[in-house]
Every structure is written in C-alpha cells, then in structure tokens.
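**Student:** Residues per chain, in single letters:
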Amino acid sequence: MADTAVTVGKAQARPDSVRSLADSRFGRKVRRNVSAHGFLIGAVLCFAFFSWYPIVREIIMSFQKTQLGVTSWAGWKNYSRIFHDPTFWQAWRNTLEFTVLALIIGYAVPFFVAILLNELRHARGYLRVLVYLPVMLPPASALLLFAYFYDPSYGLFNRILAALHLPASQWVQASGTGTVTTAMISVVIAATWMNMGGATLIYLAALQNIPGELYEAAELDGAGVFKRIWHITVPQTKLILSMLLMLQVVATMQMFVEAFILTNGGSGTTVISVVNLIYQYAFALSGASNYNSASALGVVLMLVLAIFSGGYLWLSRDRD
Amino acid sequence: MAGLTAQGPIAPAPIAPGRTARRRALRDTPTRTLISSAQLNRPGGRIIYRIVLTLVIVVFTLVFIGPLYFLFSDGLKSTQEAIQVPPTIIPAHVHPSTYVTAWSRVGIGRLLFNTLYYAFGALALQLIFDVAAAYALSKLRPVLGNVIFLMMLATLMIPSTVLVVPQYLTVASLPILHLNLIGSPAAIWLPSVANAFNIFLLKRFFDSIPRELMEAATIDGASPLRTLRTIVLPMSRPILGVVSIFAVVAVWKDFLWPLLVEGGYNPSRETLNVGIWQAVSTTPQNIIIAASAIAALPTVVFFLIFQRNIMSGLTAGALKG
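Chains as they are written, first to last, in this note's numbering: chain A, 136 to 455; chain B, 60 to 380.
In short, the hints are calculated from the structure, not lab data. Cβ coordinates follow ideal geometry from the N, Cα and C atoms, glycine included. Hints may contain errors.
Using C-beta positions, here's what the derived DEER-type ranges look like [to be verified]:
1) A:L380 - B:I187: 43 to 53 Å
2) B:L299 - A:W211: 46 to 56 Å
3) A:W224 - B:Q98: 50 to 60 Å
Rough simulated footprint, nothing fancy, chain A against chain B, three-plus residues with beta-carbon under 8 Å [stated by the list, open to error]:
4) 214-228
5) 265-277
Stretch by stretch, here's where chain A covers chain B in the computed footprint (C-beta under 8 Å, at least three residues) [to be verified]:
6) 107-116
7) 155-169
8) 290-301
9) 347-357
10) 360-370
Using the sequences and the hints given, assemble the complete structure.
**Tutor:** Structure (structure tokens):
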C-alpha cells in the first residue's frame, strides 16, 4: 500500500491512525456542512423558485410561442413583433424621458433640499419627518389624491393656476406628442413628491460625515457658498451621489404604479412605460394575453438595466 | 445600537420668550457645515437665517402637509361638493358619514387586515429564512456558500418587476410541486423571502460579530441553532429592526405583484392598494378620497411613532449597503 501511495501522492501515504483522525475530521466537516445547508435551504428554495428560475424561464419563453396550449420554438419572432409595435417605441421613449425628468427633478431636488436642511439649526427633526412622510403612504392613496388634484375640471391644481392667473392645464390627461409632455411632467411631479424623502435622508446622513475643517479651510481661502458646495460638498458625497444615481435610474426605468393609477389603469399611451407595456402584453389584452411577447420585452428591459448597472460598476471600479 | 446609532432629530434650540431668545447665539450643529455659526450670528446673517428658516418651514409644510390636509378634509365633503367647480378649500358641509360609507363600501377593514396579514407573514418568514441563511453564509460557511451568496446578490441587478410574467406563471404552477399559489397568502410570502438585500444586510452585520464568541459557544457544546439563538440574535437587534421595517414596508407599498396574485379576489384577499384602486371605477370621488385617507392613517400614525427608528434604519441600511 505504501508503494502505491508514494506514486499517487502524499495525501494517501498516511499511517492508519492519522487517517482515522482525518476521517473523523471529515465526518465533522460533513455534519457541519449539512447543518449549514439546512440553515440555507429555505432561502435557497425561495430564490430558486421565485428568482433564479424565473430569470431563466423569461429568456426561454421569449423565444417560444404558445398556440392552443402547444408550446413551440419561435426563434426571434417575438422580438421582431415587439420591435414592430409602435407602442414599444412610445413606451421606451416615455421611460427614458421619465428617467431624464426624474433625474433633473427627482435627483437634484433632494440633494439641494438636504444641503438646505443641513444648514438649518432649528426644526430639523420636524422637516425631516415632513419630507419622509409621503414615502410611508400607500402608493394608491397618494396617487389617487394626485389624480384628484390633477383633474382638469374640479382639481385643486387648476384652481391654484387660476388663482395665479395662469391658464388651466390638462395635467395627466394632456395629449401631446412633443418631447416633454405636460402629462409626463405631471407623473414625475407626483412620483417625486412620493419618493424624494428616502434620497433626502440619505444625502443628509452623507452630509453629516463631511469633515468641518474642509469648509473652514475653504472659507479661509475665500471660497463663497456655491464654490464650497461645488468643491467640497459634491466631491465629498460623490460616492453616495453616484450610487443613488444608479439606484434611481434603475428604479425609474421600472416605473409602473404611477402611470398605471394616474391614467386609470394605463389607458392611452401618452405616459405608458415599459413595465406598463409588459403588463398590457401579458395581462390586459383580454383573451389574447401573450406571455411570450411580454417575456421578450422583459428580456430587453433586463438587458438594458444589466448594461446600465454593469457600465456603472465598470466606471466606478475604473475610478478607484 | 452598535454601529447604528440613531441620528435622532436634533432637538430644536430652546426658544425662550422675549428678548433673551433673540440674543442667544445660534448653537452650532455637531459638525461644522457649509456655513459657519459665526457667520450666521452676525446681525445680517441672522436676519437672512430667520427669513430662510421661516420660508423653508412654510414651504415644506405647504408642500408636504398640504396634500395630506386635502386627503383628510376632502373625504368629509359630499359627493357633489367633491366634484364641484371650482373646488372648495374648506368643506362647506362636513359629512363624516362619508368615512363610514367608505369603510363599508370599499371594505377597508378587510383590506387592512389582509395587508397586515401579508406584511407580517412576509416579515416572519423573512426573519426565519433570511436570518438563517445569512447566519449560515456568515458563520457556518458551508461548501459553495460563496457561490450561493453571489448568485443571490446577482438578483439585485435584475429587479423583480422585469420578471413579473415568469414569476406569475411560476406562482400559478410551481415546478415539481405543481401547486397553484394564486390567491393564497403564500404567493406574497414566499417570493418575499428571496430578498438579497436583506440577506446582504444581515450577513454583513453577522460578519462583524467576533469569531471567538462563536468558537467559545461551540467548545461549550452549543449547536449552531443554539448559538444563533443565544449569542447572535440578541446582539443583532438593530439590524433585525432595520430588516423588519424594510420587509413590512415593501409589502405595504407593493402594487403590481399583489394586483396580479390576489387581484381577482375582491375584496376578500386583496391588499389596501389594490382594493382601493379596484373600487375607483365604481365609487364616487369623495368616497375614494375618504378610503385613501383611512388607508393612509395607519402608516402616518405608525411613522410618527417610530419615525426615529425608521429614518435611522433607512440611512444606516443605505449608507453601509
């Protein structure tokens, strides 16, 4: 035995006593692993059923077609069908527009609100609670309220416009095909009101981590308030700023409930988003629901999001 | 609250009545910020500060409390007044009965119960399975543990809204088991366990618990479960609080998923969000607003009570995440 062991390798060339020790250590290792996987199994099963499997299934389904209960291979047909659907392009344009608007409004506003709140010496707790309160509301409550405010005839917002001697607006019901429609801006305003609290609080926490000496030094060098914001506040919060930028883009690209409720179930295409269109393809066209086209659209959105977040990770690694 | 010290709201400087208040210098914030207190304490700076402070308080109150005022007061209007042109700011005639009608007609009680049932069920399952998983990944470190953890983290890149269709079909007929979960609470509970962010937060917290503590327990003959229960969990209260809030709020705010999996069961199994939205087409405006107000009330109260924990949990989770 010793002869063969030498040729095979050192590991097997152990005296018996050592091997039995190794066996028991091995046994312990097995037992530890079994119990560890026992702790993992619940979560792993949930991930397998509701996360990993659906990812694979979505990709497979996007290349299949189902007719009269028979599923067969469809190649790229689902993709070419959705690429030829004018609503597809409308939904993408809306989603990108929504993302850009949400960045201009929903990304910049919380940052400046946080800077402002951080300077105040009074009522800080009160203001923080105010900003975060809408985040806690059930989205249906907040959006139905905004739909009510937006109503062109009896809505509050047109009353405010009238009081300011401004022309009335159709708000979300405005029809228009320009680049930035009133309807789209209305959706962004409601979404920003609902969601800005989270970003504001995160910025506030980040601002409190900036060492005060930096501001003191800049002030001694004669830098004004705006120079101090640009040269100290922004670089010092760069990490959080860029992280929230990515999270916000990913979140707004998946916008669904805002357009869905404000336009009463996604009727019309003026503010339809990509996820709204997935919903329409899959569930809304009664009798002709097409899971395969919806899956193809889902795969396209998945790719866009993956490219975006992959690019973000690549860029942020490059910078370090 | 190790590592998660609450950034509690900084108490407003006490304002004594009369002239003494005006003389008292503005106190500095814990760290020096953009504008120094010395600058604010100069006569000109102080006036500007007062003006800005008043403006901010007024504008923020209008913007954030204003809509809530209408949410609660418009529910008191009659149906005619609710759609009157131009709208009234203060209800001309107060009809508290609208709230009663909304409660019974939209079935708010039932919807509220359902939502809480789903939210706390999801919370319980997440606390059991996600804590166990994070504990195994952090402390027991099984073979392939890192691969599993990476695969979980990868799902963060692919948000669940993108996967609604295959997820819906999977829930409608679970592979291998051939179960249909549509309409059952499990359709919300089980997918909520697949929450990579919560597992990530928990694992990172568990990673910070010293190994020696665990080893000492193992030498004393404690099983992994016992170690988890008696050593890890008592030390992890702050992160458990954060994860609990995230779990409950996620179910409370979700719309698309409960619409798909519980939507057809009006109102016996629907959530608040879905139930109220379903009622819109058949219910007068004032009743819808009253229903929305009732739905918003529990969260507003809950938030005002736990605001410190919720807000510090959010920033702690995000900044270190």
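**Student:** Could you run down the list of hints and mark each one as holding or not?
**Tutor:** The hints, checked one at a time:
{"no.": "1", "hint": "A:L380 - B:I187: 43 to 53 Å", "in the structure": "violated (35 Å)"}
{"no.": "2", "hint": "B:L299 - A:W211: 46 to 56 Å", "in the structure": "holds (48 Å)"}
{"no.": "3", "hint": "A:W224 - B:Q98: 50 to 60 Å", "in the structure": "holds (53 Å)"}
{"no.": "4", "hint": "214-228", "in the structure": "holds (count 14)"}
{"no.": "5", "hint": "265-277", "in the structure": "violated (count 0)"}
{"no.": "6", "hint": "107-116", "in the structure": "holds (count 5)"}
{"no.": "7", "hint": "155-169", "in the structure": "violated (count 0)"}
{"no.": "8", "hint": "290-301", "in the structure": "violated (count 0)"}
{"no.": "9", "hint": "347-357", "in the structure": "holds (count 6)"}
{"no.": "10", "hint": "360-370", "in the structure": "holds (count 6)"}
Hints 1, 5, 7, 8, counting from the list given before, are not met by this structure.
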